[in-house]
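Throw the hints in and build the complete structure from the sequences for me.
Residue-level listing of the chains:
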Amino acid sequence: MRKKRIAKIMLAAACVVAMGASSAAMFAGCSKDTETITVSGSTSMTELMQALAAEYEDAHPNVQIIVNQGGSSVGISDTKAGLNDFGLASKKVDEGDGVKGVQLCLDGIALTVNKNCAVTQVTNEEVFDLYMKGTAIQNTITTAIARDQASGTREAFNEGIKDPEGNDIKNHYNGNYELSGFTHAAWDEQQATGSVISLIEQSTVSIGYISLGSVLMSSANIKALAFKGYGQETYVAATAENVLNGTYALQRPFTIVLSTSRELSPAAQGFYDYIMSEEAQAVITAEGCVSTYGK
Amino acid sequence: MESDKKLHISLNFNGEKVASAVFAVFAAFSTVAVFGIIFYILYAAIPAFRQIGFFKFIFSDVWNAQTNQYGILPMIVGSIFLTSLSVLVGGTLAVVTAVWMVYYCPKKLKKAYEQLINLLAGIPSVIYGLFGYTFIVPALTKAFNLAESGTSGTGLLASSIILSIMILPTVTSVAKNSLKNVPSNYYEGALALGCTKNQTVWKVLVPAAKNGILAGLILGIGRAVGETMAVQMLVGGANAYPFSFFTSFSTLTSIIVRDMGYASELQTSALMGSGFVLLVFILILNLLLLLTRRNSLGGNRFFTRRIDESNGIESLRSYKRTGSVQDVLWIISWIVALFMAFVLCFIVIFVLVKGLPNLSANFLFGRSSNRQTTLQPAFVSTGLLILLSLAIALPLGIGAAIYLNEYAKKDNPLVKIIRIFIDTLSGIPSIIFGMFGMLFFVTACRLNYSLTAGGITLALMILPTVIRSTEQALSEVPDSMREASYALGAGKLRTVFRVVLPQALSGIVTAIILSIGRIVSESAALIYTAGSSIYTPTGFSSQGSTFAVLIYRFMVEGTHTEEAYATAAVLMFVVVVLNILVTLCEWLFKRRNKV
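Sequence lines, in order, name chains A and B. Each residue of the first sequence is one higher than the one before, counting from 1 in the numbering used here. Each residue of the second sequence is one higher than the one before, counting from 1001 in the numbering used here.
These are calculated hints, taken from the structure and not from any lab test. C-beta atoms are modelled at their ideal positions from N, C-alpha and C, and glycine is treated no differently. Mixed in with the good hints, there may be bad ones.
For lysine-lysine, the following BS3-like pairs were computed, each having C-alpha atoms within a straight-line distance of at most 30 Å [unchecked claim]:
{"id": "1", "chain 1": "A", "residue 1": "K133", "chain 2": "B", "residue 2": "K1142"}
{"id": "2", "chain 1": "B", "residue 1": "K1142", "chain 2": "A", "residue 2": "K223"}
{"id": "3", "chain 1": "B", "residue 1": "K1410", "chain 2": "B", "residue 2": "K1210"}
{"id": "4", "chain 1": "A", "residue 1": "K162", "chain 2": "A", "residue 2": "K228"}
{"id": "5", "chain 1": "B", "residue 1": "K1142", "chain 2": "A", "residue 2": "K115"}
{"id": "6", "chain 1": "B", "residue 1": "K1056", "chain 2": "A", "residue 2": "K133"}
Only some residues are given here: those of chain A computed to face chain B with a beta carbon under 10 Å [stated by the list, open to error]:
{"id": "7", "residue": "T36"}
{"id": "8", "residue": "A53"}
{"id": "9", "residue": "A54"}
{"id": "10", "residue": "E55"}
{"id": "11", "residue": "I66"}
{"id": "12", "residue": "G71"}
{"id": "13", "residue": "S77"}
{"id": "14", "residue": "D94"}
{"id": "15", "residue": "Q190"}
{"id": "16", "residue": "Q191"}
{"id": "17", "residue": "S198"}
Far from chain B, by Cβ distances over 10 Å, these chain A residues were calculated [stated by the list, open to error]:
{"id": "18", "residue": "K100"}
{"id": "19", "residue": "G101"}
{"id": "20", "residue": "V119"}
{"id": "21", "residue": "G134"}
{"id": "22", "residue": "T135"}
{"id": "23", "residue": "K162"}
{"id": "24", "residue": "A192"}
{"id": "25", "residue": "Y230"}
{"id": "26", "residue": "V236"}
{"id": "27", "residue": "T260"}
{"id": "28", "residue": "R262"}
{"id": "29", "residue": "L264"}
{"id": "30", "residue": "D273"}
{"id": "31", "residue": "G288"}
{"id": "32", "residue": "Y293"}
So this is what it looks like as structure tokens:
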């Protein structure tokens, strides 16, 4: 009978633990009145938005900002469907179809190599030839590293690199590689910026593309190459100034997507005002993005 | 259906009959759940099948969101390659380990080694993924000098190494049971004919247990095909065929996790299609399993002594060395067993060493925000999820077990069917539960991403565990207790609740602990039903992340490996404690049975 009692006690204990945990939950949860703001969209913007949200939450302890990832298209469709307060898109969003875009800042896409790599500048044609045909860049860089299909950085890269006729290369690999289902023999796909960086850090013959901010912020042994875009005469260094003045061709806007029919809630309006303010520019710059405040 | 009939026919409507009907309905619930899952996943996949064409969907190798073309041939090939390789490696290791555990393991080590294997089974798949991604992949990159050529260690080799370790406990435990159940006269007979112990073990006993070993391997295949979170982190994620060890590729499960968050309408449907193909694989495996279970081992069920009852096979010395293949196998089995123990200890210690230094009071209990994600929400969410899913699954599962063991006739075909469906339900991979939960509870029932949706989904997942464990305990209650109760004039219902159930209490407690283990380690199913919020839930209607989900979140963000390891250390601690509790429970149960 003693063992039976032990078993009973164990069962009771399990119940008590569960009850305790749940009541603790109630207390923890109900202690304060919180307002929740939901933003969703581009994965590339997630880190920036989290940094901005962290600043804002520090100043407004009763606000919770949920940053959901999901790609630029999700940012737009969620805004249309009213599933968020506002959306995030790492591309230009024209007004129409119930949404409008407001530019938050700019971001450069850096062609990145190991610091010990002899190459310092590349042309649009060289990048095109390596990624599409496997031709080595300046007889040095033989391996192309790409991002996975869901990546916004990949989308921006696809739109920035042109074929000899001046079309986006995304049309090309629709026609050649991706339609046949094979990944390009000379290119390795990685799912995160971090893995691209770590690969480049270990190899002097590889090139990859990551957000310019990530290169500037990274302590890793990598550098961004100067780039001569399609139809350009000179090489342009990958710097914030050149992104801002538009000469560096591989760039994209970070856009806030707003609904044209729906007003922002007071809490969301407060956060929106903050990220568009002068105060927020320090955070934007610190995250490696190019501030366009007042420009 | 049977219950309805009973309700209508019985004019003398009484508690006994109602109870019997209710238990029958509970037991039939698993059947409903399996059909519900198959139907809903298929329903969601139909737009893709229709728009793309079923054969084109299966046999095309284009997966392109920009052109809205979806074909899953590379993923099917990826899943098949990965599964075959890991079952080949993991399955072989598992069978050898099982043989060692039953026939060679010194008696003193037996209990401890069993514990190790159980712990290996209890490690959450997201921790395996974390370990693989931060240890195996860099190690492979270095060992094969991959970085020079610009590739990384992700791909077939890394994922199959981890998957081999993950399926090992499943295969081992089934194979072990069947090896234990070989009639001991096989052993004695072989020895009498002049075989050495090693010859007997490898040429007589292992072949005699081949059905059970096969069943174990099939279960292992099911586990490998359905594994999601660990695989997703290690395959690389490109749409390519895995024709070399380090090519980045995708499987049926990894593509779902990769694309679900970004998917347009047709793409979501295509992902459901991928899930449906996976489900079909699993159902086929279940049928195969059914076939292998048919043939049982030789000997009479009651009067044949089994290997595990015969005294001390493990302590028996080989009295003759022949230098044969079997002797080599004997040595190999020792090496494999020690190697597996080493692997397990390594993983556990690696996680703890990496994680514990990053733990702080603030990280554990501080307020969670965008500035700093802490584990406080995970404590609350996990507690709430455990509470809700047990509240649903325990009554259902215990009711079902009572029906199966106390009410149903043993040869009732309906009972056989219900058993098959309970087994099927337990074989369904968690990503499928997640997709079903998302379609049914989150969307169709409008529960949104919430702890309620997550809790109900988890309840479905733990139901088979609860039923089996309770049924096992009920079946071990001696019939004389029931007869004594009837003789004293108690009705059936009273007997069940006052006499039988209290006797089976430790079985129920075991079921609870096992279920908690499953809940804390679950991630794939929860991401799609309970969301992955970093805030403390305010009730059952808000989103919430458990420890496992937080580990995944930290990993996806890429820059938070330390936090991921710290969380993993906490989770590992919980898993170890739960494992100890289960053993304690079983020990109590055994002791009482001896009385």
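Evaluation of the provided hints:
Between A:K133 and B:K1142, the direct Cα distance comes to roughly 28 Å. Compliance with the 30 Å bound is thereby established for this hinted pair. In summary, the hint linking B:K1142 to A:K223 is supported, as the alpha carbons are separated by about 22 Å, within the 30 Å threshold. A threshold of 30 Å between alpha carbons decides the hint, and for B:K1410 with B:K1210 the separation of about 27 Å falls inside it, so the pair holds. A C-alpha spacing of about 11 Å is found between A:K162 and A:K228, which places the hinted pair at or below 30 Å, so the restraint holds.
Pair hint B:K1142 plus A:K115 holds up; C-alpha atoms about 20 Å apart against a cutoff of 30 Å. Annotation: proposed proximity of B:K1056 to A:K133 holds, straight-line Cα distance about 28 Å (limit 30 Å). A distance limit of 10 Å between C-beta atoms decides the matter here; for A:T36 the minimum to chain B is near 8 Å, and the interface restraint holds. Look at A:A53: its Cβ gets to within about 4 Å of chain B, closer than 10 Å, so that hint holds up.
Interface restraint check for A:A54: the shortest CB-CB distance to chain B comes to about 4 Å, inside 10 Å, so the restraint holds. At its closest, the beta carbon of A:E55 sits 8 Å from a beta carbon of chain B; the interface hint therefore holds under the 10 Å criterion. About 6 Å separates the beta-carbon of A:I66 from the nearest beta-carbon of chain B, less than 10 Å, and the hint is met. For A:G71, the interface hint holds, the least distance from its beta-carbon to any beta-carbon of chain B being 4 Å, beneath 10 Å.
Annotation: A:S77 was flagged as interfacial toward chain B, and the flag holds, the nearest CB pair being 8 Å apart, inside 10 Å. Of the supplied interface hints, the one on A:D94 is violated, with its beta-carbon coming no nearer than about 19 Å to a beta-carbon of chain B, more than 10 Å. At about 7 Å, the closest approach between the beta carbon of A:Q190 and any beta carbon in chain B falls short of 10 Å, and the interface hint on this residue holds. At about 5 Å, the closest approach between the beta carbon of A:Q191 and any beta carbon in chain B falls short of 10 Å, and the interface hint on this residue holds.
For A:S198, the suggested interface contact is upheld, since its CB lies about 8 Å from the closest CB of chain B, less than 10 Å. With a closest Cβ-Cβ approach of about 21 Å to chain B, A:K100 is found to remain outside the 10 Å limit, as its non-interface label requires. Distance to chain B confirms A:G101 as a non-interface residue, since its nearest Cβ pair spans about 19 Å, more than 10 Å. The Cβ of A:V119 sits about 14 Å from the closest Cβ of chain B, beyond the 10 Å cut-off, so the non-interface label holds.
With a minimum CB-CB distance of about 12 Å to chain B, A:G134 clears the 10 Å threshold, and the non-interface call stands. No Cβ of chain B comes within 10 Å of the Cβ of A:T135; the nearest lies about 15 Å off, and the non-interface call holds. With a closest Cβ-Cβ approach of about 17 Å to chain B, A:K162 is found to remain outside the 10 Å limit, as its non-interface label requires. The beta carbon of A:A192 sits about 5 Å from the closest Cβ of chain B, which is not more than 10 Å, so the claim that it is off the interface is violated.
Separation of A:Y230 from chain B is adequate, the least Cβ-Cβ distance of about 20 Å exceeding the 10 Å criterion. Every CB of chain B lies more than 10 Å from the CB of A:V236, the least distance being 25 Å, so the non-interface label holds. Distance check for A:T260 against chain B: the nearest CB is about 22 Å away, which clears 10 Å, and the non-interface claim stands. Interface exclusion of A:R262 from chain B stands, the closest Cβ pair being 19 Å apart, more than 10 Å.
No beta-carbon of chain B comes within 10 Å of the beta-carbon of A:L264; the shortest separation is about 19 Å. The beta carbon of A:D273 sits about 18 Å from the closest Cβ of chain B, which is more than 10 Å, so the claim that it is off the interface holds. Even its closest Cβ contact with chain B, about 13 Å, leaves A:G288 beyond 10 Å, as expected for a residue assigned away from the interface. Listed as outside the interface, A:Y293 is consistent with that label: its C-beta sits roughly 22 Å from the nearest C-beta of chain B, beyond the 10 Å cut-off.
Comparing the model with each numbered hint stated earlier shows that hints 14 and 24 do not hold.
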